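Now for the letters of each chain:
Number of protein chains: 2
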Amino acid sequence: MLYPEPMARLMAELGRLPGVGPKTAQRLAYHILRMPREQAQALADAIVRLRQEIRYCSRCFNLTDVDPCRICQDSSRQQDVLCVVQEPRDVMAIEGTREYHGLYHVLHGALSPLQGIGPENLRIKELLSRLQHEPIQEVIVATNPTVEGEATGLYIARLVRPLGIRTTRLAQGLPMGADLEYTDEATLAQALVGRKEIS
Amino acid sequence: MLYPEPMARLMAELGRLPGVGPKTAQRLAYHILRMPREQAQALADAIVRLRQEIRYCSRCFNLTDVDPCRICQDSSRQQDVLCVVQEPRDVMAIEGTREYHGLYHVLHGALSPLQGIGPENLRIKELLSRLQHEPIQEVIVATNPTVEGEATGLYIARLVRPLGIRTTRLAQGLPMGADLEYTDEATLAQALVGRKEIS
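The listed protein sequences derive, respectively, from chains V and Y. For the first sequence, my numbering assigns the number 1 to the initial residue and increments by one for each residue that follows. For the second sequence, my numbering assigns the number 1 to the initial residue and increments by one for each residue that follows.
Keep in mind the hints are simulated off the structure, nothing from the lab. One or more of the hints may lead you astray.
[Claimed, not checked] Facing chain V, a subset of chain Y residues (Cβ under 10 Å, in silico):
| id | residue |
| --- | --- |
| 1 | 11 |
| 2 | 12 |
| 3 | 13 |
| 4 | 18 |
| 5 | 32 |
| 6 | 33 |
| 7 | 42 |
| 8 | 43 |
| 9 | 44 |
| 10 | 45 |
| 11 | 87 |
| 12 | 88 |
| 13 | 130 |
| 14 | 137 |
| 15 | 140 |
[Stated by the list, open to error] Facing chain V, according to a computed beta carbon distance under 10 Å, are these residues of chain Y, among others:
| id | residue |
| --- | --- |
| 16 | 26 |
| 17 | 28 |
| 18 | 50 |
Just so you know, these numbers come straight off a predicted model, no measurement behind them. For each residue, glycine too, the CB sits at the ideal point set by N, CA and C.
Go ahead and model the full structure; you've got the sequences and the hints to work with.
Shown next, in the form of structure tokens:
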């Protein structure tokens, strides 16, 4: 194909993004070509600035542009509850509920022997250090309800409980708006096992 | 939401791209955050370079990084056939067939009274100038088989024919691999009207 080199280059770079195939890369490149120049520059700047200015919070390992992050700095939050999640996006998801007002700890992954990810690859050592130095009363394990997430949650619970700290995990069951007929068996089984008294 | 500002900024810029909603913008931003730094820089550079180095060929108005473009410069191509298309991507599509060896002229759009696009908004004046100064024997009208594309093609044919230049258009009919049962009526009607003798 006879794409001019700068066009071919951008299409190749865009094609490395997740979910962007050759056709999408082409469409995006044409769009960028027709954008106002300032807007294309703003996009390029935002990419560079992201990589320059975002780092991990040295306390909770969430993404941040200040260290410690704004959540860790916020003294109005409960200082004795710690929610352990796999990824920074999980922090955003939980913040979105406006139901949680404690602190976080981001593991950056889940245990996965098949992928060679062991406890030393996650921020577990740092978690234990926090539990020794901070007045945490409860650890909420909010790993994903997957094989890896569950295994990671159990591993952490086993480390935390001997410290005399309450260890809980997110409830599992039917999602809001679900239809029993179309709910997978594993979820339905969890919902049955975890059934609650109607008060 | 508590996104650090550089993250929120990039998500906003990505969200302006076509087909990129908030969830996709978030996914892409996280991906860019985890890319090797050189790769993120390469993506940003490619965006800026595209806008700096790509312009329109002063002869055929295709996208190019040299002027005249590589197709216009290629003296091994037929110099007496001119294919008129709506968009630069149409040039790429036709080049992809390897069936065409003449020159191009990119209109940059189609007539659309509803959107206020008239002949003066397309590269039609430049087309007529080329027909006067270049030894063109045939103009292939390769606008899209849509209402606007057809109207544009007819408009151009009416201007070109009086110059004594052969004017043709792309064949219309069933696409390869089509199934009669699932072919829309307009296409089927075109295929009937344009039926050819089996020789």
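Quick rundown of the hints versus the structure:
1. 11: holds (9 Å)
2. 12: With a closest approach of 8 Å, the residue 12 of chain Y hint holds.
3. 13: holds (4 Å)
4. 18: Holds - the Cβ of residue 18 of chain Y comes within 10 Å of chain V, reaching about 5 Å at its closest.
5. 32: It holds, given that the least Cβ distance between residue 32 of chain Y and chain V is near 6 Å, below 10 Å.
6. 33: With a minimum Cβ separation of about 6 Å from chain V (threshold 10 Å), the hint on residue 33 of chain Y holds.
7. 42: Since the shortest Cβ distance to chain V is 6 Å, the answer is holds.
8. 43: With Cβ-Cβ at 4 Å, under 10 Å, it holds.
9. 44: Holds. Min distance 4 Å.
10. 45: Status holds, d = 7 Å.
11. 87: holds (8 Å)
12. 88: Given a least distance of 8 Å, the restraint on residue 88 of chain Y holds.
13. 130: Status violated, d = 20 Å.
14. 137: At about 23 Å, which exceeds the 10 Å cut-off, the nearest Cβ of chain V leaves the hint on residue 137 of chain Y violated.
15. 140: violated (18 Å)
16. 26: holds (7 Å)
17. 28: Result: holds, 6 Å to nearest chain V Cβ.
18. 50: Where the cut-off is 10 Å and the nearest Cβ of chain V is about 5 Å from residue 50 of chain Y, the hint holds.
Going through the hint list in order, the structure does not satisfy hints 13, 14, 15.
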